[in-house]
Amino acid sequence: MSKINIKPLADRVLVQPVEAETTTASGLIIPDSAKEKQQKGTVLAVGNGTKDEPMTVKVGDTVLYGKYAGTELVLEGTEYLIMRESDILAIV
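According to my numbering, the sequence shown is numbered sequentially starting from 591.
Mixed in with the good hints there might be a few duds.
The calculated lysine-lysine pairs, modelled on BS3-like cross-linking and capped at a C-alpha distance of 30 angstroms, are [unchecked claim]: (1) 597 with 641; (2) 593 with 641; (3) 657 with 630.
Computed spacing ranges between beta-carbons, pair by pair [said to hold, decoys possible]: (4) 644 with 615: 37 to 43 angstroms; (5) 594 with 639: 18 to 24 angstroms; (6) 619 with 657: 21 to 27 angstroms.
Hints listed in this document are in silico derivations from the structure and should not be mistaken for laboratory results.
All residues carry an ideal CB built from backbone N, CA and C; glycine is no exception.
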């Protein structure tokens, strides 16, 4: 993986979503039209936070976020999400 040249500002976080499952536990193949949007990803970059609230998440954390959280970004063919730390629900 190449180095990411994106530095989020303030309380924003750059997340790379986990790939969607292509098969079920029993081995059935899930078609693209039936796949759900992932709500889990890995933190790649973190902003400095605000003066009132320091950042809780750090680079490398696996996080859960809301279904419609963040702004989608495609860079060099890879999908990323930029979201506020408040959109993150939990660290796994």
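* Against the earlier hints, flag every one the structure doesn't satisfy and list their numbers going up. => none
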